[in-house]
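K.L.:
Which chain is which? The protein sequence lines are A and B, in order.
The opening position of the first sequence corresponds to residue 1 in the working numbering, with each subsequent residue numbered one higher.
The opening position of the second sequence corresponds to residue 1 in the working numbering, with each subsequent residue numbered one higher.
Incorrect hints may have been included.
Claimed, not checked - Partial pick of chain B residues on the chain A-facing surface, computed with a CB cut under 7 Å:
| no. | residue |
| --- | --- |
| 1 | 282 |
| 2 | 284 |
| 3 | 287 |
| 4 | 291 |
| 5 | 351 |
| 6 | 355 |
Claimed, not checked - Taking CB as the label site, the calculated pair distances span:
| no. | chain 1 | residue 1 | chain 2 | residue 2 | range |
| --- | --- | --- | --- | --- | --- |
| 7 | A | 154 | B | 363 | 17 to 27 Å |
| 8 | A | 249 | B | 451 | 53 to 63 Å |
| 9 | A | 103 | B | 273 | 39 to 49 Å |
| 10 | B | 18 | A | 55 | 26 to 36 Å |
| 11 | A | 283 | B | 91 | 32 to 42 Å |
Unchecked claim - Sample of chain B residues facing chain A (criterion: CB under 10 Å; computed from the structure):
| no. | residue |
| --- | --- |
| 12 | 276 |
| 13 | 278 |
| 14 | 290 |
| 15 | 299 |
| 16 | 353 |
| 17 | 508 |
| 18 | 511 |
| 19 | 513 |
| 20 | 516 |
| 21 | 519 |
To be clear, the hints were calculated from the coordinates, so they are not data collected in a lab.
Positions of the beta carbon are idealized from the N, C-alpha and C atoms, including for glycine.
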Amino acid sequence: MTRWAVLGISALNDTDRCLTALSGRVAHVSATDNQPEAETGALDQLARVALSIRGLYKRFGDKNAVDNLSLDVPSGSFYGLVGPNGAGKTTTLSMATGLLRPDAGTITVHGVDVWRNLTQAKRLVGVLADGARLFDRLTGEQLVTYSGLLSGMERTTVAERVDDLLRLLDLQGAGGTLVVDYSAGMTKKIALACALVHAPRILVLDEPFESVDPVSAANIRDILQGYVSSGGTVIVSSHAMDLVQRMCDHVAVISAGRVLAAGTIDEVRGGSTLEDRFVELVGGRHHAEGPEWLRIS
Amino acid sequence: MVANLLKLRLLVLKNFLLRSTWQLVAVIFGAFYGLSALFGASFGLVALSGAPVEIARTVVVLAGSALVLGWLVVPLLFTGIEQTLDPARLVTFPIPLNTLLIGLALSGLVGVPGFVTMFGAMATAGTWWQHPLIAVLAAVCGALAATTCIVGSRAVTTLSSTIASGRRFREAAGVLLMVPLVLLGPIIISISSGLRTATDALPSLANSLAWTPLGALWAVPSDVAVGQWGVAALHLLIGIATLALLVLIWRRTLALALITPAHTVSRSRGRGKLGFLALFPATPAGAVAARSLTYWTRDPRYARQLIAVPLIPALMFFYSRNGMLEVLALVGPLVALILSLAIFSDLSYEGTAFATQISSGIRGRDDRLGRAAALASFGLPIVILFSVGSVWISGLWSALPGLLGVSIGVFLTGLGVSSVSSALVVIPVPAPGDNPFKAAPGAGFTAALTTFATWGALGVLALPEIILAAVGASTGVALLGWIGLVVGLGLGSLFLVVGIRVGGARLDRAAPELLERLARQR
Chain A
1 MTRWAVLGIS ALNDTDRCLT ALSGRVAHVS ATDNQPEAET GALDQLARVA
51 LSIRGLYKRF GDKNAVDNLS LDVPSGSFYG LVGPNGAGKT TTLSMATGLL
101 RPDAGTITVH GVDVWRNLTQ AKRLVGVLAD GARLFDRLTG EQLVTYSGLL
151 SGMERTTVAE RVDDLLRLLD LQGAGGTLVV DYSAGMTKKI ALACALVHAP
201 RILVLDEPFE SVDPVSAANI RDILQGYVSS GGTVIVSSHA MDLVQRMCDH
251 VAVISAGRVL AAGTIDEVRG GSTLEDRFVE LVGGRHHAEG PEWLRIS
Chain B
1 MVANLLKLRL LVLKNFLLRS TWQLVAVIFG AFYGLSALFG ASFGLVALSG
51 APVEIARTVV VLAGSALVLG WLVVPLLFTG IEQTLDPARL VTFPIPLNTL
101 LIGLALSGLV GVPGFVTMFG AMATAGTWWQ HPLIAVLAAV CGALAATTCI
151 VGSRAVTTLS STIASGRRFR EAAGVLLMVP LVLLGPIIIS ISSGLRTATD
201 ALPSLANSLA WTPLGALWAV PSDVAVGQWG VAALHLLIGI ATLALLVLIW
251 RRTLALALIT PAHTVSRSRG RGKLGFLALF PATPAGAVAA RSLTYWTRDP
301 RYARQLIAVP LIPALMFFYS RNGMLEVLAL VGPLVALILS LAIFSDLSYE
351 GTAFATQISS GIRGRDDRLG RAAALASFGL PIVILFSVGS VWISGLWSAL
401 PGLLGVSIGV FLTGLGVSSV SSALVVIPVP APGDNPFKAA PGAGFTAALT
451 TFATWGALGV LALPEIILAA VGASTGVALL GWIGLVVGLG LGSLFLVVGI
501 RVGGARLDRA APELLERLAR QR
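Isolated chain A, as found in the complex (with noise of 0.2 Å):
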C-alpha cells in the first residue's frame, strides 16, 4: 500500500473521473424515471461493477471460441480467470480491452460501453496482452515513456513514474538495455510497468506470472495488492491454482467459452481446493498410470 502511494497512481483519487464518465448514463437514467431511490439504485449497481460482460459471442472457423459469456466483475476485487488452454480467456480478454471486435454481446467498463466509446474505454484500462510482441527495439525506459506519452500524459508526469514503475519493479539496471536482450520475466515486468504508466481503473492482465521468478512475482502480487487496496481492479488470467486462490478474492472457471463458475473464491471452491474444483467442473483429467512402454523400471 505504502509503495502504492509512492506512485501517486491511487485510483481513489479518481472519483471525479468515474462520476464524468457515468454522468451521461446518471441524466438518462433521471430523465425516465423521478425517484430517486432508483436512480442512486442504479449509480450503485454501475458503480460496484468495473467490468460488465453480457452475452458475448466470438467465433473463428467454425469454433466457437467465446459461447454466450456472461460475467460481472465488482469494482475493487482481484479477480481470477482460470479454465483449460483455449477455454477463451485471452479472446474474452481482447474483446473486454478493445483488441478484439465480439461477433456479439456488450462490455462495459465502469458504465463505458467498450466498443462505441473505444477511446474512453481504453483509457480506464490497462493491458498486459499475452503473446504480443512490444516494441523491443527501445530500452525499457523508452517503452515506457513510449506508452506513457501515448496516452496523452505530460512529458514531467510520464518521466516520474517512468522512475517509480522501474524502481518498483526492480529494473533500474535494465532501464538502458534494449528490450529484445531482455530475460522472459523481464519483458514481462516491463509490459506491466507499460500497462500500469497512465494510473488505469482496470488493470487485465494475461499470464503475468509466467516465467517470472519468484521473487519478483511476490513483488508484482505486493504492487497489485496495493493497486487494488487503494480501489483499482486487477482482473488476472491464469493457470497457476494455488496463486489465484491465495492471491485473488474472486475467481471465474472458464471452458469452452462458457463460465462454469464465478464468485467469491470461497463461493467457487466450496470447502475443497480451487484447484480439484476446478478439475471437477472443468472435468479431462485421467487417473492412468502411462502407456506399458513408458513404465522404465
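Given chain A's structure and the hints, the job is docking chain B onto it.
P.N.:
Relative to chain A, chain B alone:
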C-alpha cells in the same frame, strides 16, 4: 528418416499455404514462373544442338557458372530459401548427422528454385540428343552440378549462421551485405557494356571458367564432343572434388551448428537516454514519430528499404555519361517515390506490437501523422538535396523550380497515399530479428500488387505538377516551372492531410481487424 524429413518439409509447406489464399496464389505464380523458365531453358538447350560446339559450350558454361555462383551468393542475401527444416529445430531429435545431411539436401530440391535448377541442369542433355552417350554424360554432369548448387548454398547458409548466431551480428551482416548490392547495378552495367564490345572474349572466358569449380562440370560434355578426353576427365575431377569439399564443409559446420545454439549478447545503453523520445513533442503523434524514427535507425528491416536511395543516383549518373543529361532530372522524383512509399509496410513490420499502441486509445490520425513526420524528417531533406544535386551536375538550372515541384509534390502525395494504403493492407514480412532479406513466402506477389496499386494512385495524383514541369522544361517557359513548384507544394500538402485523415479514420474504424490479420501473419 530421410523420407520423413521430406514429408515434414512438404507438410509444413502445405499447411503454410492453406493458411492464406493469397500466399497460395503467390506460390502458384512463382511455380508458373519457374516452370516457364524451365521450359524456356530446355527449348534453348535443345536448339543449341544445331549450333557449333564452340557456341553451345560457351553458352552452357557461362550460364551454368552464373547459376552456381547465384546459389552460393543468394543465401547470404536472402536467408529465406527454405527454413522449414532449420537444423536448430531438429537438434533435439536423435537423427544421425549423415541422414540429416541427405534429408536437408533433398528437401532443397522440393521447392521451385531447387526443382527448376535440377531439371534445367539435366536438360543440358538436350543439346547432345544426336549423340546419346554424350547426352547421358551431360545429364549426369548436370545433376552433379545442380547438387553442387544445393549443397553449396546449404554450406554457405550453415557456415554464415554458425559464425553469426547472435542477433546483432545477424542484423549487422544483413545491412553490410547491402553495400555490394548497391554497387551491383553499376557493376552489371559496366560488365555488360564491356561484353557488348568484346563478344569475341566470351569463348575464352568460358574456357577459363571451365577450369574453376564454378564451370568445370558444365564443360565436360563439350570436351568429350570435341574429343578431348583427358581435359574432360580433369574437368570432371575438379567438379567432383568441389562437390566433395562442399559436402565436407557443410558436414563440419552442421555438426558445429547442432551444438552451438543461437545466443544473444546484450549491451546496455545507459539509463536516462530517451533518444528521439526526448526530441519530439510530448504528444501521442510526437511519441509515434520518435518511436518510428528509432526503428528506422535500429531495425535493419526498415533500413533495407532505403537501399534504392543511393542506387538511383548511381544508375542515373551512369546513364547520363552516355550524353543523356536529362535522365539526371529523374533522380529527385524517383527518390521521392521510393522514400514516400517506404512506410506502407510499417504496420506489417510491427506485427502484434501494434496492439500496445491500439490499447492506449491513440487516435488513428495521430498515428498516421507521427509515422509520416518520422519519414519526412529525413526524407524531405534527402529529396531536396538530390533534386538540387542533380541540377548542379547537369547544369540545367532553369528546370530546378519545376523539378523541385515534382519531387516535393510526389514525396508529400506519396506519404498521403501510403498513409491510406498501409492502413488497408497487411503484407507478409520477415519477423523482427530475422535477416532483413528473408522473404516470407508469397510476400513478393502481395507486396508487388499493393505497390503497383499505390504507384498508380500516386502517379494520377501527382500528374498536375509533372505535366507543368515537363511542359515548362521542354518549351523553356520558366514561369510554368514556378507554377509547377507552387502546385506541387500545394497539392502535395493537401493530399498528405487528406491521406492522414482518411488513413486515420480507417484505423479508428478497423484497428481490431487489422490486428487480427497481423496476428495471423506470425
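K.L.:
For each hint, tell me whether it holds in the structure or not.
P.N.:
Hint-by-hint comparison with the structure:
no.	hint	result
1	282	holds, 4 Å
2	284	holds, 5 Å
3	287	holds, 4 Å
4	291	holds, 5 Å
5	351	holds, 5 Å
6	355	holds, 4 Å
7	A:154 x B:363: 17 to 27 Å	holds, 18 Å
8	A:249 x B:451: 53 to 63 Å	holds, 55 Å
9	A:103 x B:273: 39 to 49 Å	holds, 45 Å
10	B:18 x A:55: 26 to 36 Å	holds, 33 Å
11	A:283 x B:91: 32 to 42 Å	holds, 37 Å
12	276	holds, 9 Å
13	278	holds, 8 Å
14	290	holds, 8 Å
15	299	holds, 5 Å
16	353	holds, 4 Å
17	508	holds, 8 Å
18	511	holds, 8 Å
19	513	holds, 7 Å
20	516	holds, 7 Å
21	519	holds, 8 Å
Checked against the numbered hints given earlier, the structure satisfies every one of them.
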